[in-house]
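Novice: Here the structure of chain Y is known, so what remains is to put chain X in place on it, guided by the hints.
Here's the letter readout for the chains.
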Amino acid sequence: MEHIISLFFRSIFVDNMIFAFFLGMCSYLAVSKTVKTSLGLGLAVTFVLTVTVPVNYLLQTKVLGDGCLVEGVDLSYLSFILFIGVIAGMVQLVEMTVEKYSPSLYAALGIFLPLIAVNCAIMGASLFMQQRILMDPTNTQAITSVWDAMVYGFGSGIGWTLAIVSLGAIREKMQYGDVPKPLQGLGITFIVVGLMAMAMMCFSGLNI
Amino acid sequence: MALFSKQNREAFTNPLNLDHPILGQVLGICSALAVTSQLKPAIVMGLAVTVITAFSNVIISILRNTIPNRIRIVVQLVVVAALVTIVSQILKAYVYDVSVQLSVYVGLIITNCILMGRLEAFAMQNKPWPSFLDGVGNGLGYAMILVIVGAVREFLGRGSLLGFQIIPDACYDWGYINNGMMTMPAMALILVGIVIWVHRAYFYKEK
Numbered sequence: 001m002e003h004i005i006s007l008f009f010r011s012i013f014v015d016n017m018i019f020a021f022f023l024g025m026c027s028y029l030a031v032s033k034t035v036k037t038s039l040g041l042g043l044a045v046t047f048v049l050t051v052t053v054p055v056n057y058l059l060q061t062k063v064l065g066d067g068c069l070v071e072g073v074d075l076s077y078l079s080f081i082l083f084i085g086v087i088a089g090m091v092q093l094v095e096m097t098v099e100k101y102s103p104s105l106y107a108a109l110g111i112f113l114p115l116i117a118v119n120c121a122i123m124g125a126s127l128f129m130q131q132r133i134l135m136d137p138t139n140t141q142a143i144t145s146v147w148d149a150m151v152y153g154f155g156s157g158i159g160w161t162l163a164i165v166s167l168g169a170i171r172e173k174m175q176y177g178d179v180p181k182p183l184q185g186l187g188i189t190f191i192v193v194g195l196m197a198m199a200m201m202c203f204s205g206l207n208i
Numbered sequence: 001m002a003l004f005s006k007q008n009r010e011a012f013t014n015p016l017n018l019d020h021p022i023l024g025q026v027l028g029i030c031s032a033l034a035v036t037s038q039l040k041p042a043i044v045m046g047l048a049v050t051v052i053t054a055f056s057n058v059i060i061s062i063l064r065n066t067i068p069n070r071i072r073i074v075v076q077l078v079v080v081a082a083l084v085t086i087v088s089q090i091l092k093a094y095v096y097d098v099s100v101q102l103s104v105y106v107g108l109i110i111t112n113c114i115l116m117g118r119l120e121a122f123a124m125q126n127k128p129w130p131s132f133l134d135g136v137g138n139g140l141g142y143a144m145i146l147v148i149v150g151a152v153r154e155f156l157g158r159g160s161l162l163g164f165q166i167i168p169d170a171c172y173d174w175g176y177i178n179n180g181m182m183t184m185p186a187m188a189l190i191l192v193g194i195v196i197w198v199h200r201a202y203f204y205k206e207k
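If you read the sequences in order, they're chains Y and X.
So in this note's numbering, spot 106 of the first sequence is number 106, and the numbers just go up one at a time.
So in this note's numbering, spot 22 of the second sequence is number 22, and the numbers just go up one at a time.
Isolated chain Y, as found in the complex (with noise of 0.2 Å):
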């Protein structure tokens, strides 16, 4: 229990996909004009890594992993392919099911749905999933269960969307400041995000 909580909170301000990863930053950059927007696709993306990590995690040690589906074949070189393959899949059913059963939500997240299939964050999540299998169960850091990883995955939208959404908050007022023309848009939005890098690397010595 108390592994999770850690690796949950840990997720979020630590490892964040974008302060420290820099995962997911095209449509962090693309979509963060307003706020509104920015809690839609951050929810859109907490949902679908909420599904993907846990789905790549039983992939990944149930069948591509060493000895698993034939001894002594380590299929894990396959992971691109299949892990984008999942993430392409869940991306297209979420959208179905959104479309049939809400279509208010689905007019609202619009052409953001569609666009989560090639967000590095989601990919990112699946690829640093499989890294974290091998670490010492010991480890903050370890995925040990299928829990672990849904955790991790939720953890990880969470922070994604706290970034967006600040960044939206923060380019709203900024279009009121007086920025250099050249600077104007992406230079200061990029030094902006930068600042606030540097402000949730106070959190790295976090542990619960």
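Keep in mind the hints are simulated off the structure, nothing from the lab.
Worth double-checking, as some hints may not be accurate.
[Stated by the list, open to error] Using C-beta positions, here's what the derived DEER-type ranges look like:
| no. | chain 1 | residue 1 | chain 2 | residue 2 | range |
| --- | --- | --- | --- | --- | --- |
| 1 | Y | G89 | X | N69 | 15 to 23 Å |
| 2 | X | V100 | Y | G205 | 21 to 29 Å |
| 3 | X | I62 | Y | K33 | 33 to 41 Å |
| 4 | X | I62 | Y | L195 | 42 to 50 Å |
| 5 | X | Y172 | Y | L75 | 47 to 55 Å |
Remember, it's a predicted structure, so these values are computed and weren't measured experimentally.
Note that the Cβ used here is the ideal one computed from N, Cα and C, for glycine as well.
Specialist: Below, chain X without anything else, positioned relative to chain Y:
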């Protein structure tokens, strides 16, 4: 059509100037920031992306008339994923220490927006040879930023380039200290912000 006609040259040089994938179109930033704490992984990553962009562009451009429009994204992802798997295995075999440093970011080339962007915008409409040039141009444009940011961060953060010490010991004796901030993720963002600033300031003047 000549091999290096004006049109083909533009396909190659445009991404290096005005249509720069990172600075102009804001694509593929994720990995650009993460691998640049030292120069060597930055160069390897730049080369890997150049090779993958070029060849996936060629493959998709050859297949472009046979791919059904509805499933083109899946086909593109599979082609890219296969190429990334090959490159990742080659890196593991020949430069193992760098592939450990790059860790998950080699796999993340699959979701690099530069690749999908170029496949969608260029390779689906053009012949293989211009697509190849376009891929190489975009890959090199990406590599250029990686090398600039990687060199600045390694020089200021560790006082070395490619692992060789540049700043002499005498400077450290006089009290010079490496800027540890430069090796942190936060400074990569600020450096890229400054590079964008300089790039835009230069091109705004030209216009």
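Novice: Please go over all the hints and tell whether each is borne out by the structure.
Specialist: Hints, one by one, checked against the model:
As the Cβ distance of Y/G89 to X/N69 is approximately 19 Å, the hint placing it in 15 to 23 Å holds. As the Cβ distance of X/V100 to Y/G205 is approximately 25 Å, the hint placing it in 21 to 29 Å holds. About 38 Å separates the C-beta atoms of X/I62 and Y/K33, a value consistent with the hinted range of 33 to 41 Å. Between X/I62 and Y/L195, the C-beta spacing of about 46 Å keeps the proposed range 42 to 50 Å intact.
The hinted range of 47 to 55 Å is satisfied by X/Y172 and Y/L75, whose Cβ atoms lie roughly 49 Å apart.
The structure agrees with every numbered hint stated previously.
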